[in-house]
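Produce the entire structure from the sequences given, and follow the hints as far as they go.
2 protein chains.
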Amino acid sequence: MRGRIGSMALLSFASFVFSDETEPSTVVSVSVFVAVLCLCIVVGHLLEENRWVNESITAIVIGCIVGTIILFSSKGRNSHILRFNEEVFFIYLLPPIIFNAGFQVKKKQFFQNFLTIMFFGVIGVFISFAIISAGCWWLFPKVGLSGLDAQDYLALGTIFSSTDTVCTLQVLRQEETPRLYSLVFGEGVVNDATSVVLFNAIKKLDFSKLEGWAIFHVVRDFLYLFLTSTALGIATGLLTAYALKALYFGRHSTDREIALMALMAYFSYMLAELLQLSGILTVFFCGIVMSHYAWHNVSESSRITTRHIFATLSFIAETFIFLYVGMDALDIDKWKTAKTSFKTLSGIYGIIISLVLVGRAAFVFPLSILSNYISSKSERQLITFKHQVIIWWAGLMRGAVSIALAFNQFTYSGVTWNPVHATMITSTVVVVLFSTVVFGFLTKPLITALLPHHSQESTDHKDDNMPKDDIALPFLSADSSAGSGFLQAKRSLSMLLERPVHTIHAYWRKFDDKYMRPVFGGPN
Amino acid sequence: MRGRIGSMALLSFASFVFSDETEPSTVVSVSVFVAVLCLCIVVGHLLEENRWVNESITAIVIGCIVGTIILFSSKGRNSHILRFNEEVFFIYLLPPIIFNAGFQVKKKQFFQNFLTIMFFGVIGVFISFAIISAGCWWLFPKVGLSGLDAQDYLALGTIFSSTDTVCTLQVLRQEETPRLYSLVFGEGVVNDATSVVLFNAIKKLDFSKLEGWAIFHVVRDFLYLFLTSTALGIATGLLTAYALKALYFGRHSTDREIALMALMAYFSYMLAELLQLSGILTVFFCGIVMSHYAWHNVSESSRITTRHIFATLSFIAETFIFLYVGMDALDIDKWKTAKTSFKTLSGIYGIIISLVLVGRAAFVFPLSILSNYISSKSERQLITFKHQVIIWWAGLMRGAVSIALAFNQFTYSGVTWNPVHATMITSTVVVVLFSTVVFGFLTKPLITALLPHHSQESTDHKDDNMPKDDIALPFLSADSSAGSGFLQAKRSLSMLLERPVHTIHAYWRKFDDKYMRPVFGGPN
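Quick note, the sequences are listed as chains F and Z, same order. Read in order, the letters of the first sequence are residues 1 to 524 in our numbering. Read in order, the letters of the second sequence are residues 1 to 524 in our numbering.
Please keep in mind that the hints were generated in silico from the structure rather than gathered at the bench. Be careful, since some hints might not be right.
Note: identical chains are not told apart, hence a pair may lie in one copy or across any two.
SDA-like, lysine to any residue: derived pairs with alpha carbons at most 20 Å apart [as the list claims (entries may be wrong)]:
{"id": "1", "residue 1": "K245", "residue 2": "H45"}
{"id": "2", "residue 1": "K336", "residue 2": "L169"}
{"id": "3", "residue 1": "K245", "residue 2": "V43"}
Written out as structure tokens, the structure reads:
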């Protein structure tokens, strides 16, 4: 990403030399892809009440099936159009997902749990990264794999530290366990940003003259990126809010408002990439600021539309990614290039999956205890052991970020002729498929077992607990514009009465009401 | 299009070999493009009340300015990223515009004026095509341009027969002159489809063994394409409506509904292109059917969101196109290749613009009289002379379709080294710029002069007369789901009482109520 992101962009279309009659298969591919996306949506909907399957698994399985069909019907010729492309992922698919995460996040919960989320999302990634890197470096040669250098091992650490919490979030119910949901959700976003930033920091390391200070450089770079990216996202969000408030006052034009919000969000991401910052963090905070200020400056229909359209775009991008990953498993070129014995391969898969399990356990439980220790002083709700297990489990799935980083590290433009590198790519794909399908498969039963009330009415009220669907209750959205229903409101109210509001939050509310909202907009 | 469309598609991304550090300018380009789009939206909004300027002109002018800045700042190096790309246009930008046209069209008005719209949109294009082709063939050699063959002249006829009515539609007020609006709007869509289909028919003609029957072949192909494309669009729309009704009954999931509608619409377009049909017609009728049936099967928030999001996508695509055309004027490679004297160039521009004016007058006025003659028997409102002038004027602007067809005819993948062909490209760009800016500039004053009541309150109620904004009145949308306000409702009612409803329409309503709506959905 960063430096690499540009080459794939829309405008490079223009200089792309294509041939007319020789490549009619691409229009077929787009049609097939769109048709299969529709199929995924319909099947995902039909299987919604199923106890085991979720939409990620559906999409991956359908992707595998379609990939197989295409591969056979084209006699192996077409496998290259199914190849996962990290550039498409980072330019087109990731931004809407992360922006929507910021736009729909329950801001109050998120900021109240900010410290714990940072523990998991930042320190956790560093711990997991250290364990997986060291583990791979120690164990890979034992199963007969050699040929990786120090940077590759460090990269593997970040590749397999980036989680994919979509599966778990599809099952958890926000209004029943708001804190747990917020932790899993928040960690997911911060984890994405941390692993990408860490990955880039490692790519920049000069291993020829490595010294003891390298780790400090990485940490310093990381902090710098974190703060500047956040600042950029907040600035873009505030600018949009101000523009909408200053220019559109009194005469609303829905199309322009929606277009401006979506384009400015995308612009913040691209600008961050352009400035070599972390687009993920930028667009996430841009989403938070936009939902806090800009969203209140637009017309009623714009509010409804933006809520739903960002969620829909994110939904399509997620489905697309899982479908893509499913199809990518059929990239036979990589399998041919890998040339690794079955025994070694099984060894590699076993090592990685074990390290993922251990690496995550190594920080979730200690950091939860630490968080509980700190929280106990501030009268906050503690993270129970059951919740710790769910948090641990939620981050076991590996997703598209892992694959994108692996492609970035081990291929050049998606192609590699190095057998060891090809093995790393196929291993990543296998781990992603395995973790999503097997761990994902067990998620619903596990959560049902740990949180028994989840088993009832987990589907018939599905829509009510989605943060995007409570648009009908704008009066609740004062400080959590994605507040969910009366239950939540009652609970918030009783919480407010029972215990003192955190001082920082109270100060912020005062500042927000007095200085920010008059300028940038907010609920009246 | 058609055969050529595929090569540019999303998945060809995957096989596109890009370089990392050598091409960092593309991420800059995307950022610049998105930022400039935002600028266009803001400036367009600020100039909304301006008497002369409209959003198309704003975008074109901003495009030219930005193009100049980029060209200078890159010392002429970057002109190639600004080149107009017909594939991007036909795969990504045109489908949302045409689908939205179908989705928002006032179906009742459209079908009541169907015959007149077909006169203008089909027969009109043939007449204009004949006049422009013959005129160019006769006059171009007189100003010193030679080197074009018979097919080129025929292609020029279609290139300059395709209109762009966006400018006029931005000024006309639908609820004041519903029939005029419907005619201009309907002609715009049918004209796009006709010129693209005719262009493809001409490209297929074998000029080496041309015989007298060729014209009949063209007409036969045209009718075949027209009917099959329409049928495909209707079929896809009905399938979507049925799927939404059958699968989502009782438990609505907004994200899935919106995603399914958008993806199926896009799928219909791609499928039509895949089957060598006219995607424009298909996606237009798909939009009509979706708004008539599918739209009633989804949740309330999906209805609001789809209305707005399709309008917004269309708005962004339109702005993008005008911006693109503006930037494309700076494609200095073409200007260098052209090597034509200033005198010849001025001659060419003069000839084309005169032929456009004459070619359009040659069918608007006679066909209006013919339509009035037929309508007078059926007690329909006649097309007054003032309205005829507005219809004539509305179709004088040339737009992105002209440029896309010119690139298809005279370049290979956007590149040409033939001076005559380069001259044709630059002439097309100049005619499009001239007609959009100069004719567009005069549109508001002209319409204000011809329809004086347009001058008052033409901006403060802007939003009310947009078909997409009357979502708050769902009870009006029974047979024109984009009905606009109480005035319109009152007028419709009095029209219904004053004169007999057309028999065909009455039969269709009966059939629709009895057989179609129970299966595919509709207002209760």
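Do the hints match the structure? See the list:
1. K245 - H45: Between copies only: 13 Å across, 39 Å inside.
2. K336 - L169: Cα proximity of K336 and L169: none, with 36 Å in one copy and 58 Å across.
3. K245 - V43: between (42 Å within a copy, 15 Å between copies)
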